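My request is simple: use the sequences and hints to build the entire structure.
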Amino acid sequence: MSDPGYDADEIMTVAAARQLKNGMVCFVGIGMPSAAANLARLSHAPDVVLIYESGTIGSKPDLLPLSIGDGELSETALSVVSVPEMFRYWLQGGRIDVGFLGAAQIDRFANINTTVIGDYARPKTRLPGAGGAPEIATSAKEIFVMLRMTPRAFVAQLDFVTSLGHGSGGKSRAKSGARGRGPTRVITDLGILEPDPESHELRLTSLHPGVRLPDAEAACGWKLARAADLAETPAPTAGELAALRDFKSRTAAAGAGRPK
Amino acid sequence: MSDPGYDADEIMTVAAARQLKNGMVCFVGIGMPSAAANLARLSHAPDVVLIYESGTIGSKPDLLPLSIGDGELSETALSVVSVPEMFRYWLQGGRIDVGFLGAAQIDRFANINTTVIGDYARPKTRLPGAGGAPEIATSAKEIFVMLRMTPRAFVAQLDFVTSLGHGSGGKSRAKSGARGRGPTRVITDLGILEPDPESHELRLTSLHPGVRLPDAEAACGWKLARAADLAETPAPTAGELAALRDFKSRTAAAGAGRPK
Amino acid sequence: MAEITSLREAVGALIRNGDSVAFEGFTHLIPSAAGLEAIRQGKRDLGLIRMTPDLIYDQIIGMGLARSLTFAWGGNPGVGSLHRLREATECGWPRPLVLDERSHADMANAYAAGASGLPFAVFRGHIGDDLPKVNPAIKRVTCPFTGEELAAVPALNPDVAVIHAQRADRKGNVLIWGILGVQKEAVLAARRSIVTVEEIVDELNAPPNACILPSFTVGAVCPVPHGAWPSYAQGYYKRDNRFYKAWDAVSREREVFQAWIERHVLATSDFAEFEASLKAAAKETAHV
Amino acid sequence: MAEITSLREAVGALIRNGDSVAFEGFTHLIPSAAGLEAIRQGKRDLGLIRMTPDLIYDQIIGMGLARSLTFAWGGNPGVGSLHRLREATECGWPRPLVLDERSHADMANAYAAGASGLPFAVFRGHIGDDLPKVNPAIKRVTCPFTGEELAAVPALNPDVAVIHAQRADRKGNVLIWGILGVQKEAVLAARRSIVTVEEIVDELNAPPNACILPSFTVGAVCPVPHGAWPSYAQGYYKRDNRFYKAWDAVSREREVFQAWIERHVLATSDFAEFEASLKAAAKETAHV
Chain X
3 MSDPGYDADE IMTVAAARQL KNGMVCFVGI GMPSAAANLA RLSHAPDVVL
53 IYESGTIGSK PDLLPLSIGD GELSETALSV VSVPEMFRYW LQGGRIDVGF
103 LGAAQIDRFA NINTTVIGDY ARPKTRLPGA GGAPEIATSA KEIFVMLRMT
153 PRAFVAQLDF VTSLGHGSGG KSRAKSGARG RGPTRVITDL GILEPDPESH
203 ELRLTSLHPG VRLPDAEAAC GWKLARAADL AETPAPTAGE LAALRDFKSR
253 TAAAGAGRPK
Chain V
3 MSDPGYDADE IMTVAAARQL KNGMVCFVGI GMPSAAANLA RLSHAPDVVL
53 IYESGTIGSK PDLLPLSIGD GELSETALSV VSVPEMFRYW LQGGRIDVGF
103 LGAAQIDRFA NINTTVIGDY ARPKTRLPGA GGAPEIATSA KEIFVMLRMT
153 PRAFVAQLDF VTSLGHGSGG KSRAKSGARG RGPTRVITDL GILEPDPESH
203 ELRLTSLHPG VRLPDAEAAC GWKLARAADL AETPAPTAGE LAALRDFKSR
253 TAAAGAGRPK
Chain Z
2 MAEITSLREA VGALIRNGDS VAFEGFTHLI PSAAGLEAIR QGKRDLGLIR
52 MTPDLIYDQI IGMGLARSLT FAWGGNPGVG SLHRLREATE CGWPRPLVLD
102 ERSHADMANA YAAGASGLPF AVFRGHIGDD LPKVNPAIKR VTCPFTGEEL
152 AAVPALNPDV AVIHAQRADR KGNVLIWGIL GVQKEAVLAA RRSIVTVEEI
202 VDELNAPPNA CILPSFTVGA VCPVPHGAWP SYAQGYYKRD NRFYKAWDAV
252 SREREVFQAW IERHVLATSD FAEFEASLKA AAKETAHV
Chain Y
2 MAEITSLREA VGALIRNGDS VAFEGFTHLI PSAAGLEAIR QGKRDLGLIR
52 MTPDLIYDQI IGMGLARSLT FAWGGNPGVG SLHRLREATE CGWPRPLVLD
102 ERSHADMANA YAAGASGLPF AVFRGHIGDD LPKVNPAIKR VTCPFTGEEL
152 AAVPALNPDV AVIHAQRADR KGNVLIWGIL GVQKEAVLAA RRSIVTVEEI
202 VDELNAPPNA CILPSFTVGA VCPVPHGAWP SYAQGYYKRD NRFYKAWDAV
252 SREREVFQAW IERHVLATSD FAEFEASLKA AAKETAHV
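Which chain is which? The protein sequence lines are X, V, Z and Y, in order.
All residue numbers for the first sequence refer to my numbering, where the first residue is 3 and numbers rise by one.
All residue numbers for the second sequence refer to my numbering, where the first residue is 3 and numbers rise by one.
All residue numbers for the third sequence refer to my numbering, where the first residue is 2 and numbers rise by one.
All residue numbers for the fourth sequence refer to my numbering, where the first residue is 2 and numbers rise by one.
Hints are computed from structural coordinates only; laboratory data are not their basis.
All values reported here derive from a predicted model rather than from experimental measurement.
Hints are not guaranteed to be accurate.
Computed beta-carbon distance windows for the label pairs [claimed, not checked]:
no.	chain 1	residue 1	chain 2	residue 2	range
1	Y	202	X	239	48 to 54 Å
2	Y	268	X	212	52 to 58 Å
3	V	201	Y	43	49 to 55 Å
4	Z	236	Y	287	51 to 57 Å
5	Y	263	X	229	58 to 64 Å
Reference listing, derived: stretches of chain X covered by chain Y, where coverage requires no fewer than 3 residues with Cβ under 8 Å from a Cβ of chain Y [unchecked claim]:
no.	segment
6	38 to 48
7	73 to 80
8	84 to 91
9	179 to 186
All C-beta atoms, glycine included, are put in the ideal place defined by N, C-alpha and C.
Listed below in structure tokens is the structure:
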């Protein structure tokens with residue numbers, strides 16, 4: 003395969019950014035979601051409202067923040083509220099269109115683990131923990147998840163359910179008392195997955211250009227289903243790539259950036 | 003009796019103001035308590051912290067406010083918080099030394115009515131209602147009540163208990179789950195009443211100068227008990243009267259005042 | 002996103018007969034102009050909600066437009082009674098008014114629960130008072146850790162919240178400062194909302210951590226300068242204590258009250274005309 | 002009333018061995034100087050509480066001074082793991098650490114309940130996640146009106162809250178702006194409190210509705226310029242992202258970590274000396 007002119011992280015970020023519609027109110031999780039959400043704001047969705055759990059509402063950072071509480075987020079925000087208010091009035095209040103999360107592990111029903119690998123009491127790997135994710139996952143109107151596709155991340159059985167996706171599939175989420183539609187998109191470096199409307203099992207709905215179906219299947223720890231009308235993700239446009247690279251180089255120049 | 007050089011409302015306000023110690027945190031109810039609390043601040047207790055349920059903390063009004071939400075209270079405050087925060091973090095949070103209340107009716111155990119005279123469903127007189135009083139009365143460390151002593155106000159039986167005082171006396175308040183010591187002083191135009199430490203029935207502990215015991219007894223709707231060491235309230239000092247009159251005349255001059 | 006419209010349009014479109022409506026304001030920033038517009042448009046069978054009902058509720062109730070009142074303190078602060086509210090509760094005139102009576106702590110918590118998407122609020126309150134005896138909506142819950150009993154009330158989620166604020170920008174973001182009351186909570190708890198503002202500005206110039214209602218939380222923003230009169234708007238004008246005192250005489254008798262509403266509210270088409278009408282009347286009196 | 006003292010005195014007097022202590026800060030205003038002072042004074046058996054433990058908790062835990070950790074997210078934001086926290090939880094080194102693990106919503110509500118004098122917090126959370134399986138403190142309550150089940154957690158009331166703020170006045174009133182986190186709630190919920198500040202000023206010059214902790218709610222106020230470094234203080238200095246990245250290497254190996262603490266924390270007497278020591282070390286490295 004010839005050099006497409008962008009790397010896997012770039013198309014993942016571009017593909018994720020495209021999911022955000024202009025005017026949406028987006029609760030931005032730590033890590034890659036922040037790059038995607040800001041790319042959306044800097045390209046096709048200038049009026050997307052970015053909310054960070056540190057309390058910033060309507061942040062318009064000029065540099066990619068390293069954390070969810072950088073000064074850049076607060077100084078460019080329409081409003082900065084306390085963290086209790088953020089979780090009560092804004093997230094639990096039902097005002098979030100999209101919660102945008104990262105994950106360490108995900109299962110076929112888009113349940114997420116960011117707590118431990120291995121046994122909880124004697125973990126093989128202790129991960130950072132839940133943060134805001136459990137209540138983002140059960141309060142926002144829908145959830146986008148963003149992570150690289152590998153057999154260690156896409157597992158048949160989570161070691162720990164940190165945040166509910168579609169539970170055990172079928173109507174299990176609807177019966178759980180969770181609000182919102184749950185994960186509607188999982189955006190990876192290989193393609194995009196969406197839950198089946200009935201079973202709620204994730205299906206591959208789009209492959210990024212140059213990625214072959216067996217690549218995606220090999221990167222998934224369960225037998226990956228695919229949509230009948232499996233699409234190819236449109237390649238990043240020159241404008242999208244320029245906006246993303248410009249943002250990242252501004253950040254690097256300022257010495258403030260998130261290491262790749 | 004010769005003209006003492008002050009009127010009954012003045013000695014009531016002065017006597018009430020004296021109850022506040024410097025540095026106390028005082029939740030100021032609507033009406034006469036506000037005049038007394040500010041007189042304390044302008045005389046012997048410059049560091050008293052006045053909190054109004056409109057959300058103002060540390061108000062230092064130069065004029066007597068007509069309401070509990072005047073601009074004068076907000077503009078001179080150390081901090082202005084929302085009303086939900088005021089009731090949660092400040093009052094319910096247990097940060098108030100003294101709650102300073104007015105009342106339409108009071109009984110022998112210092113329970114208070116500001117709701118209705120007569121039957122609730124078909125009231126003879128509809129009063130304004132509870133406002134903040136029920137939770138002030140059961141959250142502040144102690145309560146001062148201020149009202150003029152008349153048989154219509156000091157009644158054997160309240161038409162409605164708006165705010166708990168000492169309940170049915172004895173240990174009834176302690177068993178109720180209410181916080182704080184409840185009403186420790188009732189300051190009137192005739193004298194001062196305090197609850198008996200055991201029975202918690204109000205007893206006259208001080209008569210204002212020139213007021214005779216039968217005057218107070220006649221103004222009370224139940225058989226008024228009195229302390230063995232019934233005292234005479236020290237007359238207002240020239241300084242106290244000057245501070246009070248100065249405050250009131252400033253207020254009148256500004257056209258902002260509370261009508262007498 | 003908030004629409005910037007006239008108050009007439011906003012009240013016409015967003016308040017429906019039978020709605021529960023919270024015209025909130027805590028001494029400061031009382032949405033007087035919006036209350037008068039609701040009377041002018043004859044919005045009726047309203048379930049009024051407000052911690053501290055004052056003149057505008059006296060007016061709406063006196064015109065027979067309210068079916069119920071959820072409240073904690075109904076008076077003319079520092080002046081006395083609300084005579085129209087008293088006549089409705091004491092005599093059922095012009096129509097009976099169902100009372101849903103609370104305390105401030107109770108309502109503030111209930112609005113916050115409504116803004117928070119919770120079905121109920123928990124607080125340490127209603128201990129030894131008679132309100133739970135006359136209001137079945139006040140219940141108790143037990144702390145699952147300490148066994149302590151606490152008060153519980155249903156969340157307040159009005160159909161419409163109506164507030165007045167100092168400023169909005171052209172996108173409809175609203176800035177409030179000074180005494181905040183429960184206005185932010187009321188708007189966030191309500192299904193629809195109207196915010197009247199002193200002015201629309203290019204830039205809010207809000208200080209850090211100011212009280213802001215982002216455009217996406219607001220229904221309509223309506224520029225109505227002086228729209229909180231006779232209450233006040235910090236930074237714009239002071240409270241008109243004289244009018245609060247004068248209201249006592251206007252509202253005491255049914256006929257005087259009705260004539261006042263007829264002349265100054267129903268015969269005028271907006272808040273500016275209402276104010277002009279009052280000024281003209283004051284001049285007449287001065288000439289007599 | 003808050004006392005204005007040195008940080009050494011405040012930590013010595015107000016933090017006791019065995020205390021539950023919340024050194025709070027949410028990326029912004031992390032009380033780093035106070036955390037290091039607690040290490041310097043060898044405060045031990047601490048029950049640490051923090052929504053987002055980062056470097057200072059890595060340091061305290063790495064020195065074996067903590068018995069437990071109540072938290073929701075423990076990492077080096079944008080960089081990776083907290084290696085000392087991981088070694089304590091994965092290997093029990095230098096001592097086992099009892100985890101009381103939560104979510105952000107959970108802890109934010111629990112602090113607010115603590116500040117509000119309530120025994121517990123109610124929120125819509127922990128639906129379908131495994132945290133309640135490993136944390137028995139997470140229970141459920143039923144809404145008495147709708148029958149809905151909601152999460153309930155005990156209020157957080159630390160023995161001591163420690164925060165960093167921008168400013169205090171000479172009476173000890175504290176002003177914070179920018180990202181506020183849960184610092185106000187932590188101080189109001191705690192039995193005792195220490196606030197380090199960038200500076201003490203004659204007048205706070207706070208905007209309306211600013212986040213203020215009045216003097217009577219604070220134990221000690223300690224001027225420590227730069228005391229939130231390597232985090233930031235809006236209006237004073239930016240986040241030192243380079244140090245956050247450098248911490249990854251310092252903390253990865255036990256011995257390197259211990260040598261770093263010995264040289265820069267234990268061998269220095271206050272935060273100014275600590276900073277000078279780091280600077281000297283950086284110079285050495287540059288000269289090699």
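Consistency of the hints with the structure:
no., hint, in the structure
1, 202(Y) with 239(X): 48 to 54 Å, "52 Å, holds"
2, 268(Y) with 212(X): 52 to 58 Å, "56 Å, holds"
3, 201(V) with 43(Y): 49 to 55 Å, "54 Å, holds"
4, 236(Z) with 287(Y): 51 to 57 Å, "53 Å, holds"
5, 263(Y) with 229(X): 58 to 64 Å, "59 Å, holds"
6, 38 to 48, "violated (count 0)"
7, 73 to 80, "holds (count 4)"
8, 84 to 91, "holds (count 6)"
9, 179 to 186, "holds (count 3)"
Going down the numbered hints, you'll see the structure goes against just number 6.
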